[in-house]
Every structure is written in structure tokens, then in C-alpha cells.
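Colleague: Spelled out from the first residue to the last, the chains are:
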Amino acid sequence: MAERWLLALLLVLAGAAFAKEAAPLATDPALEARMMTIAGELRCLVCQNQTIADSHADLAVDLRQQIREMLQRGMSDEQIRSYMTERYGDFVLYKPPFKATTALLWVGPGLLLAGALGALLLVLSRRQRLGADAFDPDTPDDADELAANR
Amino acid sequence: MMRFLWPLALFLVLAGFLFFGLRLDPREVPSPLIDKPAPAFSATLLADPGRRMTRDEMVGKVWMLNVWASWCAPCRDEHPLLVDFAKKGLVPIYGLNYKDQRSAGIGFLRSFGNPFTETLSDPDGRIGIDYGVYGVPETYVIDRGGVIRYKHIGPLTPEVLAEKIEPLVRRLNG
Chain Z
4 MAERWLLALL LVLAGAAFAK EAAPLATDPA LEARMMTIAG ELRCLVCQNQ TIADSHADLA
64 VDLRQQIREM LQRGMSDEQI RSYMTERYGD FVLYKPPFKA TTALLWVGPG LLLAGALGAL
124 LLVLSRRQRL GADAFDPDTP DDADELAANR
Chain S
2 MMRFLWPLAL FLVLAGFLFF GLRLDPREVP SPLIDKPAPA FSATLLADPG RRMTRDEMVG
62 KVWMLNVWAS WCAPCRDEHP LLVDFAKKGL VPIYGLNYKD QRSAGIGFLR SFGNPFTETL
122 SDPDGRIGID YGVYGVPETY VIDRGGVIRY KHIGPLTPEV LAEKIEPLVR RLNG
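Chains as they are written, first to last, in our numbering: chain Z, 4 to 153; chain S, 2 to 175.
Hints are supplied without guarantee of correctness; some may be wrong.
[Unchecked claim] Keeping only pairs whose Cα atoms sit at most 16 angstroms apart, straight-line, the calculated EDC-like set for lysine to aspartate or glutamate is: (1) K37/S x E89/Z; (2) K37/S x D125/S; (3) K89/S x D78/S; (4) K100/S x D61/Z; (5) K62/S x D144/S; (6) K100/S x D65/Z; (7) K152/S x D65/Z; (8) K152/S x D49/S.
[Claimed, not checked] The following residues of chain Z were derived to be distant from chain S, with all beta-carbon distances above 10 angstroms: (9) V49; (10) M78; (11) R90; (12) Y91; (13) P140.
[What the hints assert, rightly or not] If we take Cβ atoms under 7 angstroms as the criterion, some of the chain S residues that face chain Z in the derived model are: (14) P33; (15) G126; (16) G133; (17) Y135.
Derived by calculation from the structure, the hints in this document are not laboratory data.
The beta carbon of each residue, even a glycine, is placed where N, CA and C say it ideally should be.
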């Protein structure tokens, strides 16, 4: 029985030991909120479809700490973002800047939409020029159908 | 007939793009550090924490920086290649022991061989952040002026060493 109690005690203590390693909570909630806003716009490089704010990857934890310290040093959001892009490229930004290499990314969807609308207009205007009988469902298309209808 | 060929053609173009996309690796983020000065550092040595080394001591020679850790399995696969490459004596290779425990790092080099001229310690990953490291191992080639000329993400392969790094190092040294 004593062994069981010892085991239970050890398990509780093990929990306590882990608890010590938990992420450092914000000493200043306002700073933590600003940090999370910036981190929410940055891509985690390790788990690429998460933000640095969401990710539990080691690197994301380090980068959040880095942002915290940079904010404490009084750096602006813009300075922190450029610090990140200097190291990891525009790829870290979920909102990449508009420039030659990212132009297709930004205008691509617009171009596709314009192309699709253009094609739709073309088809519609073509159809408008067709006679009303082209849309008559009862008109037989070819000789076979003509024979079948008869 | 044309009205059936058009969707087919569009489908083929789309399939072509998707097929090409399959062969791209989204993990390969082009480093913005290429052709930029290597970020400054001042690091303690793994073998002797009492000594420090800085980036400025490296100016004037071509060198390779390999970021590794004892906990990183791909580093283990890559390590024999580095040991062999170091034996050629083409270029000094410096190690950066990234987010590792000193004893574990030293143990790793003891059991798998030490290809590094010196190994720098980066226990909290700060130097790694400055170098844009996001997946160990990573390897950099830095020229005489302290400019990063090449970066390889992930474990080195014999092809990368023979076709990319070796010719580049020879050219930079030449």
C-alpha cells in the first residue's frame, strides 16, 4: 500500500515538475496582446499552415519570445515585421507586400474572375444572336431523333 | 466538336500545373539571406565555454557553417558526409550546435566523428533565428567578405556537395 502512495506522490510531483516548464505567461497583458497580434500575422516556418501565435513548435515559441523582447525594447510593429522578413523572406507574412514577385499572387484571382466573366459574356451574347427556335426543347437535333419522334 | 475540346484542353492545362506543383517542395523557402552579409554573432565554443568566437574573426576566409543538433535525426544521416567532406580539406567547416545540451553535443561528435574546425554553441537558438534557421540541419557557404553565398536546408546529399558546394567553394577560393 505504501508503495502505491509513493507512486501517486511521485506522479503528482512529476506533474509539478512539468508545470514549471510551462510557457512564461505575460507579465504585461497589453504587451502580450500586441505580441499575439503580430505573431498572428506571421507564418510558422516549421508547421507551415499555422501562425506563430497558434503554433506550439519550438521555433514559434522562440520567435514569440523574440517579439516580446523586441516590443519591450520599444520597437514598432513595422520594425518587427521587417526583422522577420529579413530572416525568413516574405513567405513569413500572411499578408505579403505587393511587388513584382508577388504580383501574380495578388492580381491572379482578379484576372481569373475577369476571364470567367468575359467568357460568360461572350457565350451569352452569342446565344442572344441565335434564333428563338435554337432553344426550343422540342426541336429534333438530327435525323435519328427525327425518326424516333415520328 | 470544339465545344467538347475546350474543356478538355483547360483540364489538361490545369492537370499540367498540378503535376508540376507536385514536384515543388513547399518546405523550401528561398532564403532572403543569400548575397547578404552573414549576421553577426558572438558564441561560446562547444568544447570550451570559456572561449568566444565572433563572425568578424571569420572575415578573410571562405567557410561553411553547418547548423546541427544531437536531437536531430537527419543530422545523424548527414554527418558521415560532412566528415568525408572535411577530410578533403577544401574549406573549413564550422558547426553551430543549435538548441542542444552541451554534453549531448559533445557526445554526438565523440561517437560520430568531428568534421568541424570549431563548434559554436547556440543553446537558446538566438543565432539560429538570426540566420533564419527553421529546420536543422542547414548549411551555409560564406565568402571572404562575410557574405552568404549559398544555403542548403535539410540534410546534405552527396549530389549537393559535389555539384553545388564544391564548385562554389573552389570558385570562391580561386
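Colleague: Would you pick out the hints that fail for this structure and give their numbers low to high?
Modeller: Those not satisfied are hints 2, 3, 7, 8, 9, 11 and 12.
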